[in-house]
Structures are given as C-alpha cells and as structure tokens.
Amino acid sequence: MKGALRSAFFIALKDMKAYYFKPPNISWGMLFPLVFILAFYLRSPIDFAHLIPGLLSLSLLFSTTSMEAIVITFERMTGALERLMLYPVSVTTILLGKISGGACFGITVTVVFLLCLIIMFPLHLKNPLLFLASVVISSFTFSTLGAFVSVSVKQVFEAQTLANLFRFPMIFLSGVFIPVNSLPSIIKPIAYIMPLTYSIDSIKVSFGYEPQIMHPLLSLLVLTVFAFIFLELSVKILKSRMS
Amino acid sequence: MVKAHSIDDAVTVKELRKSYNTFSALDGISFSIRKGEVFGLLGPNGAGKTTTIKILSGISMPASGTAKILGYDVVNNPVMVKQNIGVVPETSNLYPELTCTDNLIFAGRLYGISTEKAKTGAKELLHIFGLEEKRNVLFGRLSSGMKRRLTVAASLIHDPPVLFLDEPTTGLDVMSARALREVIQSLKDRGITILLTSHYIEEADRLCDRIAIIVKGKIITIDTPEALKKSVRTEKAVDVKISPYTPFIEKEFSKMSTAVKYEKREEMFRFFIEDLDTFMSEFSAFIKGQSLSIESINTVSPSLEDAFVEITGLRREIMIQEKGGGK
Ligand SMILES: Nc1ncnc2c1ncn2[C@@H]1O[C@H](COP(=O)(O)OP(=O)(O)OP(=O)(O)O)[C@@H](O)[C@H]1O
Ligand SMILES: [Mg+2]
Chain A
4 MKGALRSAFF
14 IALKDMKAYY
24 FKPPNISWGM
34 LFPLVFILAF
44 YLRSPIDFAH
54 LIPGLLSLSL
64 LFSTTSMEAI
74 VITFERMTGA
84 LERLMLYPVS
94 VTTILLGKIS
104 GGACFGITVT
114 VVFLLCLIIM
124 FPLHLKNPLL
134 FLASVVISSF
144 TFSTLGAFVS
154 VSVKQVFEAQ
164 TLANLFRFPM
174 IFLSGVFIPV
184 NSLPSIIKPI
194 AYIMPLTYSI
204 DSIKVSFGYE
214 PQIMHPLLSL
224 LVLTVFAFIF
234 LELSVKILKS
244 RMS
Chain B
85 MVKAHSIDDA
95 VTVKELRKSY
105 NTFSALDGIS
115 FSIRKGEVFG
125 LLGPNGAGKT
135 TTIKILSGIS
145 MPASGTAKIL
155 GYDVVNNPVM
165 VKQNIGVVPE
175 TSNLYPELTC
185 TDNLIFAGRL
195 YGISTEKAKT
205 GAKELLHIFG
215 LEEKRNVLFG
225 RLSSGMKRRL
235 TVAASLIHDP
245 PVLFLDEPTT
255 GLDVMSARAL
265 REVIQSLKDR
275 GITILLTSHY
285 IEEADRLCDR
295 IAIIVKGKII
305 TIDTPEALKK
315 SVRTEKAVDV
325 KISPYTPFIE
335 KEFSKMSTAV
345 KYEKREEMFR
355 FFIEDLDTFM
365 SEFSAFIKGQ
375 SLSIESINTV
385 SPSLEDAFVE
395 ITGLRREIMI
405 QEKGGGK
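Taken in sequence, the protein lines are chains A and B. Our numbering puts the first residue of the first sequence at 4, with every later residue one more than the last. Our numbering puts the first residue of the second sequence at 85, with every later residue one more than the last.
Isolated chain B, as found in the complex:
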C-alpha cells in the first residue's frame, strides 16, 4: 500500500463547506482522525453525514475548505485518496447482475489488484462475512442484510488503511449487526483507521474511540463516549422492579411523603431522585405498606443517548427514525 507522510492523523478536515443550490448542507466542519482510531459521526437525518463521506471519498466537491486523507488532498489528488480508502456507501450498490464472487473480483481489479489476488481475497472475505454459500448467487438475489455485508466486504478487497462506513449496520438483523460490529472491531485491531456514521447511539458508543455530534451541517461537539456521558448533568436515577408486577401501583406513588418523578419502563419504574438513602428508606416503607416486595433495584448512570439529547437539545426519538430496514 502506498504510504504518505509520516503524520499521526489519517484524516484531517478543515472548514469544509458544501451547498446544494442555496441550501447549506455542510457549514464549515473541522475534525481530524488519528491513525488507528475509530471515529463516529453521529447525527439525525439530513445532518450532513453522507455529504461529508462523499467529499472525503473524492466523489463530491466541497465548496470550500480542505480535506486530506493520509496527506493526500481529496480535491487535488483524488486517485491517491481513492487508492487508500475503502468506502461503504449508504446504499448497498454493487452490481445486481453479477454474483457475489464476481462483484468482489471486479472491485479488486478496479483497485488495480491482479485477478489472482482478487480471487483469493474474494474467497477470504466471503468467509469472513459468512457468505461462502452465496458465492455464486447474483447480488440482486441476496437479502438486504446480505447485500450490506457484501458491500462492506467489497470495500476491503484492496486492504485499505482507511475505511469509511456510511451507516454500516442499517438494515441488518440483530445477529448480523453484532457480527458486523465484531468485524469492525477486528479491523480496528489490525490498525485500520475507521470513520463511520450512525443513527444508533449505542453502536457509536460501543465502537468509537471518539464521536462527533453533527446537526444541520455543524459539528456541535467532539469527544470520547465516556467524556460525553460525563458531561451530562448528573441526575440520579434508579430502576426498580416490583414483585409481583402491578401496573396500577403508579396511582399509589403520590401517597409517598415526598413527591417522586418517575418514568414507566418495561415491567419496571425509573425514579429520578435527589438522594439515594432518603429514597430507599421511604420507598421500602411504601412497598411494605402495599404488601409488595422489591425484586431488583439498580442505580442508572447516564447513557450516551442522554448525553446526545442534552447536547443537541433534540428529542430522543429523532435518532430512532429510520429509512428502510429495521434495527
């Protein structure tokens, strides 16, 4: 693989702007990704994630600003950029008329790999992505989850040092999504620099070393998932499971001496509290009075989702909105 300068950043983006007609899709974003890092772009629909990936892949021109991959400028040296990156676009767009194997070999050839090498690589990738049985099936005949997996496989055929994944797990079932996350983790372990976009806060939390939260073409904050969580105003919460589960118990909560804030969750209640000791003594007295018992009680620490909601001021649901495919 071609090496650029010995810099520590694999990707540097400075003041990138992009407009479609008068609409500003990217409003001066800047960030850099260290070599070997997994960097997440997290944001709601239309935030500008795909636009960013397209510019960094050299297939869309920025209006202003610069972006460099391993030292190569995306505008001035797109061929070297493309040689050094693997890209998984938002849609799984391999050739429907070609088989899985032929698609991978085609991709390899266009990256300048010898046909022999492409064939071996294709075999390996089909194995890694659990698609060996489908090797001679047309891409168009695969399920959408399998298409997604093959699209990821195709981005790796030339062993790129940098990988861009635009919503890699969208449309995958739980098991395939988990398997793909494991693959991404193993790529990270091999030292590949990864930029991924996601709607799934949990996924970003699990995979990313650092996360940039992007809304309406602007990056609001960049930090590690841990730091983002810490930045959330610490509101203490406890999850309590009451046995036997009685949904009607809600009505009785008002009888407790201090007023309680709570949310109903699946078969349990989440209480937002001031002080754990006070809450505990009061709540156990209340439960005894109702002739019930506490099955479990857990204190809750803020999630990345809480952080996201607080930082962006957006509703929780905004990130769950989906285009096609399920979780």
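Here chain A stands alone, though its shape is the one from the complex:
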C-alpha cells in the first residue's frame, strides 16, 4: 500500500515535471477557463460576482481534463504507458499517479484564478476549509473522468471530442448559470448524474450560498463515489486494452 502510493506519487511528479508545468502547457490549461471567465465578465460585469463560484468549478473541470486527456492518450501512443507496466506496480497505481498529476494541475490553475478574482472583485470566502476540500475532491473526480475518457479512445482528438461530449452539457445544466432547482423537471435528472453539479453546489456553499441539492458534505461524498466508479472503469478498460 505504502509502496503503491509512493509509486503513484513519482508517476504524478514525473508528469508534472514533463508536461503540466512546462510554460506552453500551463497556458494551454488556463486558456479555456480564462475564455469563459472573460466572456461572462464582459457580458454582464454587474452580476458577474455571482457566477464566480460556478466558474471556478468549471475552470477546475476544464484545466484538469484537457491536459490530462492529452497526456494519457499521448503516452498510450508512444508506448510510455506500456513501459510503466514493466514496473512492479498495479494498473490502479499507474492510473492513480496519472490522475493525481492532472488533479494537481487543475488545483493549481484554479487557485491562481481564485487569487486573481479575489483581488479584482469583492468576494467573501465564508468557509475556506470547505472550499479547499471541494476543490481537491472535485479535481480528483474530474481527473478520473479525464482518465476514463482517455483510456476509452485511441487518438488525442477523439479524447477531446469525447471529453467535450461530457463537458459541454455540464456547463449548461450543472448550475453555473441556471440554478439546478430552476431547471425544467425533465432535465433535472440529467443534472443529478453530472459530477459538476455537486462540485458547484459545495463550492457555492463555501462562498455563503444556500445549498441547492444537498448538504455540501453529502455532495463531496457523491463526488468521491463518482471518482471511484470512473477509476474502476478506467482500470478495467486499460487492462483489457493492454492484454
């Protein structure tokens, strides 16, 4: 167990060194969230502050998954992922390392945005601890989603397409702009099967909003369950692809 965590840590560390925190890649990871934030600010500068918690969660989703999907599909193509299998570590450990790398990147990008936004707007972070827990757990969940997407496809562009299939509906249905409770009742169930919904809800609570769905701790629990499901699926798919 300890050995597995150590190996996962070194895999994540290597990914961050080799890919995530290289200057061109950092900016690529920030691009999507930055575009969102700017677009919505320019549209309605007055009630922009209300959108911030949702946008932070969205930024987390995009920064975590976009680079990670590229990294995993790329390494599958070059054989680097197969090489990792030569080491005495399990497929779960390997994926856990990959997922942690993506999650750390998402957390970093989002924290940078948060700091910028705090300087520019009157934000009141009511519950920093809940905020931190939400950011960490959300990014891990999103990262497992990214891993699931990238082990399911062959090419980098397919990974992006499939990821967008998951991501874009989430933008509109997860409560970033329209509160989940005001969605038509036919669409509501869709919102409930989207991890972003729970992430936004708990992040909003940390900014002092009322929970829309459930107690934030329950939301975090749901996110964790999502993470386990995506991880388990990714392990299964990767194993079958490898043999």
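Everything labelled a hint here was simulated from the structure, so no lab data went into it. Some hints could be false.
The calculated DSS-like cross-link candidates involving lysine-lysine, where the alpha carbons are at most 25 Å apart (straight line), are [stated by the list, open to error]:
1) B/Lys-231 - A/Lys-20
2) B/Lys-203 - A/Lys-20
3) A/Lys-25 - B/Lys-218
4) B/Lys-218 - A/Lys-20
5) A/Lys-20 - B/Lys-201
6) B/Lys-203 - A/Lys-5
Computed footprint of chain B on chain A, listed as stretches where at least three residues anywhere in the stretch have a Cβ under 8 Å from a Cβ of chain B [what the hints assert, rightly or not]:
7) 6-13
8) 82-94
Computed list of chain A residues with no C-beta within reach of chain B, every gap over 12 Å [unchecked claim]:
9) Ile-121
10) Ser-185
11) Ser-243
The C-beta atom is built at its ideal place from N, Cα and C for all residues, glycine as well.
Given the coordinates of chain A, assemble chain B with the ligands onto it according to the supplied hints.
Just chain B with the ligands now, with coordinates in the frame of chain A:
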C-alpha cells in the same frame, strides 16, 4: 533481492499459446532457462520473439500455457515477476522529456529503490554505458544508439537476477554493439540469467549458451551453438584467395578436369569440395597453368548461419532484413 524456491531453472515456459484475433502468434512453445545461462531466441520477423518476451514480462496475457520466473507465475504473480526481472523492450521507450539521469532515477523509484540508491545506481550505470557526458541531456535528444544503451541501463537499475533483452543491439553501430555485447558478457559473469532475442546469428553465436530457433510461433530446435553447427550436413568448403585477384578467372574454372561448385566472395572464391587432397593437387595445377599463384587457402567449417538455413529451410537473407537502424 527476493528469492524464490531453490530451483535450478530461472525461467520455465510450458506450452505457451497466444493469438491475436484468429492469428496464432505463439503455437505452444516450451523451454526452460537455467540460472546463470544466456539463452537466445533466434528467428525471422514475426516469429513471435517479442510476443514471448511480453508474456514473460507480465504485460501480455497468454491464451494458455504457463510461464514462471524464479518460481513466480507470470499470470498469477506479475508483481513479483516484474520485481525480479529487467526488461529491455524492442523500442527504446524511456521518457523523451526527461534527462538520462532522471530517467534512471524514475525507473529506480518505481522498482521501489530509495532515491539515494537510485542516484548512485544511475551514476554507475551512466559510467558503464559510456553516457556520463550525456547525463543531463534529455533522452529525446540522444542518438538512437545512445537511446538503446540508456534503455539497457534502465533495465539494470534494480539489480535484477533475470534480464530480458529484445534485440538489444539493433540500431547500434559496430563499436557500440561490441561494447554492449561486452556488458552482456559481464552480466553473465555476475551470474545474471539472460534471455535475449536477436536477428544477428553471429551475435547469438557469440553470446548464448543455448539457442532456440523460433519460426512462425513454433520452436524448431533448442541446442548449444556448437551442437547446432555440428548438426549441419558436413559439406567441405575452402576459401581461396588468388594473387593477383582476377575476377575473370571464373570463366576458366570449367577447364579443370573435375567440375567444381563455387561461390564468389569478396576478393576470393569459396569452393565446395568432395576431398581436400584431390582438390588441392588439381587446383594448384590449374593455377600454375594460368600463371597465377595462391595467396591464401583456408578450410571453412559450417557457421551457425549455415545451421540456421539448413534447420529452418529459410533463405539466408531472411535474417538480415532489418527494421530501422543499421548493424
Ligand atoms: N498487438 C498485435 N495485434 C495483432 N497481431 C500482432 C500483435 N502483436 C504481434 N502480432 C503478430 O504476431 C506475430 C509475432 O509478432 P512478434 O512481434 O512477436 O514477432 P517478432 O519475432 O518479435 O518479430 P520481429 O523480429 O519483427 O521483432 C506477428 O505476425 C505479428 O504481426
Ligand atoms: Mg520483435
């Protein structure tokens, strides 16, 4: 290092089969490798060498059959198998974005070695493989021969008792290939069990204690290089160098009283003969008649290549076909 049972065989393979869709890549191969032995898998493209290595490394599942490394089953206990082997894959696939040193340290860490130990090990290996100057260069920036050497180095970072080398010298220049063969020899001297695959018959001849010849997923024969050579039908041959070298002399050979079978080689001729004495007296008379002289004459014993050609019934050239890289 973890020790398994005190058995004499480091690797035992029984009736291993593997198919890709309907294509059978391995058709029930069996062999065992004794501890400390260098064992060669020799065969043409697509014979199933890489497939075998992948299964023995625990990264590919066999359809049926068993394989054990130091007593650990590759299917049921892949982690212990991986802990005890070093693997050099067919392609040099370390991380292009990491330096030589960082690649070795990364490999060491994933084998569970402390970072301190991995650092010392990396230094030693860079020295052994003549890559000290490149220690801070990105792997992606190395020449293909250097990449190959670093890939071999990375397989040794955890001091494995068993080593699998899939075409270790492919893509290396003559000097680097020789240097690598010397390293392999020294690993053997340290008691490491080695399984290597090769296209180079000569390389297998020089390095291996025993060779398995594999064609189309089947092992045709397993024996020592010497025994394989002995098994060749003894056709006597002599290499003759004529002075001065006259390529046109060929036309005159028919004038000799008994017909001769020959092959033209670089600046000399190889004659396939029945009896040395008869050939010698006749040939010297012929040469005198042409006012030439014999510069050198050597009898030729069958090579492993001859054995390979005879055993497999394949053409000589089939083994020289190359994917990427030169000799
Ligand atoms: N992933 C795969 N999918 C389908 N067929 C495969 C796969 N891997 C190998 N094969 C087939 O299995 C056969 C054996 O391949 P293998 O790579 O083991 O040969 P090899 O002896 O290593 O050849 P080479 O000398 O070219 O490296 C080949 O016919 C190859 O086309
Ligand atoms: Mg091969």
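Taking the hints in turn, this is what the structure says about them:
1. B/Lys-231 - A/Lys-20: Status holds; Cα separation ~20 Å.
2. B/Lys-203 - A/Lys-20: 18 Å, holds
3. A/Lys-25 - B/Lys-218: 22 Å, holds
4. B/Lys-218 - A/Lys-20: 19 Å, holds
5. A/Lys-20 - B/Lys-201: 21 Å, holds
6. B/Lys-203 - A/Lys-5: 21 Å, holds
7. 6-13: With 4 residues close enough to chain B, the hint holds.
8. 82-94: With 11 residues closer than 8 Å to chain B, the region 82-94 of chain A meets the three-residue bar; holds.
9. Ile-121: Non-interface label on A/Ile-121 holds, nearest chain B Cβ at 34 Å vs cutoff 12 Å.
10. Ser-185: 47 Å, holds
11. Ser-243: 10 Å, violated
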